[in-house]
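A.B. asks: With the hints as extra help, turn the sequences into a complete structure.
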Amino acid sequence: MSLIKDLFTNWSVWRRPGYFESFDYSWGMVIDLDRCTGCEACVVACTAENNLPIVGEKRFSENREIKWIRIERYWSGEYPNAKLSFIPMLCQHCDQAPCEIACPVSATYHNQDGLNTQIYNRCIGTRTCAVYCPYEVRFFNWFSYTWDAPLEQQLNPDVTVREKGVMEKCTFCIQRIREAKDHAKDDGRRRLREGDIQPACAQACPTKAIVFGDRNDPDSQVAQMASDARGYTVLKELNTSPSIVYLRRVDQEHV
Amino acid sequence: MSVSVREALGAFKPAAIAVGIALAAYIAGWVAYEVFFPGTAPVQPIEFSHVIHAGDYQIDCQYCHIYAARSTTAGVPAVEKCMGCHKVIATDKPEIQKLTDYWNSRQAIPWIKVHDLADFVYFPHKRHVQAEVACQTCHGEVQTMARIERVAPLSMKWCVGCHEEREVENGRDCWTCHK
Amino acid sequence: MSANIIGVYQYADDLLDAAGRLKASGFDEIELMSPIPLHGVEKVLGPKKSVLRRFALFGAIVGGVGGFLMAALSAIVFILPTSGRPIVPWPPFLIITFETTILLGTLATLIGFFFSANLPAWKDRPYLPAFSDNRFGVHVGCDEDAAEKVEKIMLDAGAEKVERVKT
Amino acid sequence: MARKKNPGSKLSRREFLALVGTGTSVMAGAGFLTAKFSRRPVEQLIPYVVPPEDYIPGVAAYYNTVCNLCPAGCGITVRIREGRAKKIEGNPAHPVSQGGTCALGQSGLQVLYNPDRLQTPVTRRGERGTGDFHTVGWNSALTTVASHLDKLRLANRGAGVGLLTGDIRGHLDDLLIQFLGLMGSGRYLQYAFTNPTNLYSANAASFDTAQLPYYDIANSDFLLSFGADFLGMWVSPVSYSRAYGDFRQGRREGEDKGPRRQRGQLVQIEPRMSLTGANADIWVPAVPGTEGALALGIAHIIAGGAGRFAAALAEFDPPRVAEISGVEASTIERLARSFGDAKAPLAIGGGGAAAGTNGVPNLVAINLLNHLAGNIGREGGVVFNPKPAFGRTGMQRHGSYLDLLAFVEEIADVDDGVLIIAGTNPLYDFPGDERLVRALQRIPLVVGLSSFMDETMQYADIVLPVNSYLEGWGDDAPEPGVGMRVASISQPVVAPLYDTMDVGDVFIRLAQRMDRDMQRAMPWPDFHAYLRNAWRRMYDKRRDKLDYVDFDAFWTAVLEAGVWGETRRASQRNEFHAQVDYEPPVHAGNDVDYPWYFQPFVSQGFFDGRGANLPWQQELPDPMTSIVYGSWIELNPRTANELGVDEGDILEVSSPAGSLRAPVWITQGIRPDTVAMPIGQGHTSFGRYATGRGANPLSILSAQVDSRTGAFAWGATRVNLTPTGERIRFVKTGGWSRTLDRQILGPRSGETQEGGDHG
Amino acid sequence: MSERGQPSYQEVNDAVLPTMTTFTWRYWTALSISVTVMIFGFFAPWWYQLFVGVGAAGMSRAAYWGTYLGNFIFWIGLSHSGTLLSAVLHITQSDWRKSIYRSAEAMTLFSLITAAFYVMVHLGRLWFVHWTVPIPNVMGLWPNFRSPLMFDVMAITTYLTASSIFIYMGSVPDFATVRDNATGLRRKIYAIMCFGWRGTDREWHRLGWAYTFFAVLVIPLAVSVHSIVSWDFALSIVPGLHHTIFAPYFVCGAIFSGTAGIVTVMYFLRKYFHFERYITEKHFNNLGKLLLLLSLIWSYINMLELFTGWFSGSSFEIEALRFKLFGFYAPLFWEMIAFCAFLPLVLFSEKIRTNFRLMLWISIAINIGMFTERFLIVATTQPRKFLPDAFSFYMPSLVEIAITIGSFAVFTTLFLVFVKVFPSMSMYEVKETLNLPTRKGART
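Residue numbers (the numbering used here), protein chains in the order written: chain A, 98 to 352; chain B, 2 to 180; chain C, 398 to 564; chain D, 4 to 762; chain E, 107 to 550.
Worth flagging that the hints you see were computed from the coordinates, not collected in a lab. Fair warning: this is a prediction, and the values are worked out from it, not measured in the lab. Beta carbons are placed, not taken as given, at the ideal position from N, Cα and C, and that holds for glycine. Check before you lean on any hint, since a few could be wrong.
Stated by the list, open to error - DEER-style ranges, computed between Cβ atoms:
1. C/Val474 to B/Arg167: 17 to 27 Å
2. D/Lys39 to C/Val474: 29 to 39 Å
3. E/Ser418 to D/Asp320: 55 to 65 Å
4. C/Val462 to B/Gln59: 50 to 60 Å
C.D. replies: Spelled out as structure tokens, the structure:
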């Protein structure tokens, strides 16, 4: 009953979109494409951190690979003026994520940290979220994957190994965020500080092209870099409000 | 001539009774298993009694479960820890002799996990101990249990209910407990 | 009440005729049985009112309100924001509301039907198998002493045969 | 329950009761069993018998050590949980990696946990090369080797023992020299075809220091790279990638950043677009091997006919250089102007430019550019490293291709020669040259020290399994450094998984099984003790300068940090005294029968092939093509047209030395007269993930060498291509590689997104 | 029913009742074939897929939805024949409906069941499907009613419930007839199934009302069901799916394919159950007209979709369109246009509309076309979304093909069982269309 009362007294609140602006943190990334060299260290780092399976050649050839972060490559021009551009593509943690609405069992939703979550054990595998995702960064466990012994000893105990039929995707290394919060609490801090957290990709990046931080904090590096003139978000016309801002690669034709 | 359902239903009586008996037998078998082999209180390799240790001698939980305040796991005491006392105490008891055998053969005791959370659950003992949640809240009155028994359902609703009651920060966020 | 008399007719207009006469003779417990729905029964036996529509309406309203509340409350009971949409957005929840309206409306109508049609027949009721085929029948429940009168009226109206059934 | 009488049934009462009884018990049993099997399997809690010190389950520990997967020597931090290595990160305190890692470095865990690791010593049973081995104990394996060595030594024929290793630096190197010295042998060679032998040689010729200088890319503002894929796997990829980031966009906020300067510009000169070429502002496809001419052409314009080299440069006017290199004269002039105008220009050479028969002259010509720019020893230029804290420089250690061949053949010629091979796989790296295999076959005893049964180990008589770099002790003085003296320690981060030993331990144990003199000369219980001892000597030398209570404190601090360094810089040198001349490249095969230049390239994931057994690397899309699990041959669309082939068509690639088959990948990033192929696949024996996958381009190379150093010239072969009519579908991640005008790479420059938004 | 040769009540019974009790060798053959195909084509591959994972199907990255969902829409579409049509015609008091509606409704029910099977086949973790059901649970967590998939769950559940009730309630008087003509156990079963129906004036009156209520409730429901199915797709932002026209497009296509399905079933009932006197040219003629109308609407909407996609000038839409019209699956697209837009135009001719055999082939062709449409919706849009680097390709695997074939066997099996359990033609309603036997009538 109190719930019904609550519903009516707070009717306008429940009806107000855009609640995420009041979230504790709003984790975001800035990826400087002028620094990114496409070396793919981030890809392996992510694989190692998040227990991504080794799917094998056959399944890879069927497009069943699982790479939470991948490097997309786009050519422009013809030989000899050909140009190749790289762009790391990972879950954009959209504030208005098309995927979240799709899940019938709320396995994916937006949490207090402004993260687009994926709760593996809740997933029933309708794959709707992946269809709705314009960035193609959600991956499905078409099979239960195994590791040749003793490779399984490397698996990160902080991350669940997903079974067949489960959707997965970049979590911004939630296990690291959780650990950092835990340490902050141990130190008696309420809030995390800039630099407490680095996702595996950002940490591995040899050129430091990936910067991670809290977009809610105006002094943070991400917040400042996001306002760079080169900043843009991919597929902005879809109005998904991604948490990842890319800094355009500088085209310097006249050297 | 007359018509109704009852007469027809009567024809199915033997079938219904047979199905009923079968179902009852099935349920009885199920219940019997739960009664004779309770999953909540399995038989341990050594009849370790918390009544003696935690109850009678009032040994603090964290004296043996040493990691509880520091780590996600509370930690089962190493065999060395047990032997710390039982080299001298109660060495004549058969259960202690079992312990001594493990110690002498340098083997770990294969305790059976009673409070077994699913692999996708992240449960830090540390946070709960530091928040001064009594061990008994989740583990029951351990000091009165001769054999450890799972009292709490350890279901999600139960966890979240407590989080709610205590107004835990982000206590309802899935990623607080799932990994 | 102790006598149950059934009259069997080959023609529908005979049946209605018989029913009219029985009604006129003061018998209230008259049931007509036919292989198809008969029109014009109300003219003979008086108008029928059924509670069916109330069941349907009630079911639909309960379904509608309940459906919306189910959607809204289950969203509030465990708030999981999605896609920047409201927690209780009405357009999608109206779809749920619509579906539950129909669902409960249908189920209530079904219950209403059983309720108002006196089905299922738990107790034995007078009947002849020919009524599902090509014969029409009338059943009158009356006192033992009125039985002969009833049989007479039935036969007068052109009954093929008249039977007394035990229940 | 049971009815007394069942009217419709013909069952007797007894039968009926029996039936009911059976049915009931069967159902009850079924219920019992369902309950049993529907319950989650019991999990056990296994405590330690005696818990290790400082161990908390559920809490991660971090250990610093050194990556050993390429010669760069990056410092890494390994995350350990419950005694198992979980993740490798760059060590932020280490000046080489500065917290970053490369893709290959991340995969180091799969070296440790590789399912195909050798777990026990094995000895050969069948013919050499057949892979027929059986396991033996350490004791018998070591005794066999030790007795053999002992016999030779006592007969004063110890010189017949040779040691062939990969890139070994630091005190292990000293230990091996000592061991061989005690044997009375000087036969010790380090070989890997990726060793920058020509670069050492060219630097020796140009500046009199045979070392790899530190190219200060971060502080340069115009970088002219001749074939050096420094963002790929060239010399020290992590360090240079880090520098590249700063070169482009300055230091990150929050770090100590210098004055914000102009974005650095990168020009990459190479026939096939490498990862660095893809990131360059201008990619200049020059004819393979003519980079030197191009450098001289640029120097010609910069020098403007004046100075010491005027005469030598006179003939390299743009039109002539354009003719040689296939680069337009206007481009050359533009590059020269930009190079000359830049505040801190820098030229580096490597990769294909150094892999021709004229590698050294090419690199000398490139050094000349640096000299003309006056950037030697300056910030943003070529910075020379001080002498390493210990060990020898690469020039002293490395042997060239010809050296290796001579080395092995000499041992084969000795009676009872023994060859010990550790950490190198020349049979994979080698060109299609039968001489090495023939020589190996003649050596009576070949001992291999390896973690994997690779191609070379197939020819060994005894293979001793060694620790992976995450299980053993070691130290390292990275080369190139970062302009100052750096030393790092690698320590075991996990207990050895199998019955394996450090390379150093193997030699100490061998000595202990030999005669008294050897035992006395190598008295340490294990390599760890040796290492600690060596560092104690280092500490004793500097005791006054160092701020530690005693050696133990120093040692603990170094282990904790993983790195120790001194900010000592080398003296600046700006003399350039080499003869400048251009030597045209010589390619094996004439241009009629073999119309295409063949450029194998070191691939990002596999380095020289050693990464091919790591499943993460096999599943890592190639940065340029996104292909995984295979090799390919890169063709310009024009070439493909000419041959009438399409993507995935399999070509027969034949050179004077052999032939192989590879599928076609059509790319805009290669010259029409050149074809390229990645190195790394085509292993015949390297574990389940690598064996029999793709083709090895090195196997069809002619045995061309640099005319001065004898280094293997792997970019100096020509090939012919014949379509086979077969076809495969590439396994890759990428779909289409054009943006179709979609706003993916951002609005065009000069436009902000708000302006370009059409949604 | 025409006066000429009008059957008597008794003849109606005699025409229908034997179809339930006579088992010809033809029936047994058909049943055993369809059961075999169902087991080995549907359940065995499904079991295999449950065992290894959905990877047994041909779906992959980008093409996360495949044949299963295509088939799902197809079967949901097919289900729009019966209940909707029956209800509409009931409300509009079109008497010609009465001889065909029972089998049409059965089609609805069985295609819905088949469609529901596809939802399950599609799921990655079938064993947790109960999480989509709004019931209190130990997690304290409810389904997400904002998801179009939950609309689907609700809609299909409602539709399935309503349809079952609709067909069952309509059959109750006929069950009584069966009861009265049967003996032994069969009689007892039907006695229960008809609830002790006697056909009293009260029962008829209530049934009439209830039936009308059902009809009224079912019509908007049926429209909503396929709209909701279309929203599964249209609520995504996938180019080629994100169209506002999708709901009417789906509904129209659904009725189109459903009506064609009725024609097919009608043909077979008429042929094998000898319902020539009850299913006549009039039925084929009327349904032919309906098919023609629906085909025209369908073509119009299709044109709209293509036109707006092309005219938008958006790179996404144009690429999606290009792939659909000229890509790998283009032959299928043009086959669909031929079968669903052009072929039905011949129905302008009454001669063709009343030619049973031609109508059969046309109806089958239309359903092949509609099946293709559903396949194309999933196969051509998802592999070509937004990022060209992630473009891929979808090709059904053997498991998917087997399950597709098997699902037709599921439907057929259910239908074959149905004709022996239910009177496949509504006896009492057919009787209603006949002249009421009156003494007056007998005299004239």
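A.B. asks: It remains to establish, for every hint, whether it holds in the given structure.
C.D. replies: Here's how the hints hold up against the structure:
1. Checked against the given bound of 17 to 27 Å, the beta carbons of C/Val474 and B/Arg167, roughly 18 Å apart, stay inside it.
2. Remark: the range hint 29 to 39 Å for D/Lys39 to C/Val474 is upheld by a beta-carbon distance near 36 Å.
3. Between E/Ser418 and D/Asp320 the beta carbons are some 57 Å apart, a value that agrees with the proposed interval 55 to 65 Å.
4. Checked against the hint of 50 to 60 Å, the pair C/Val462 and B/Gln59 passes, with Cβ atoms roughly 58 Å apart.
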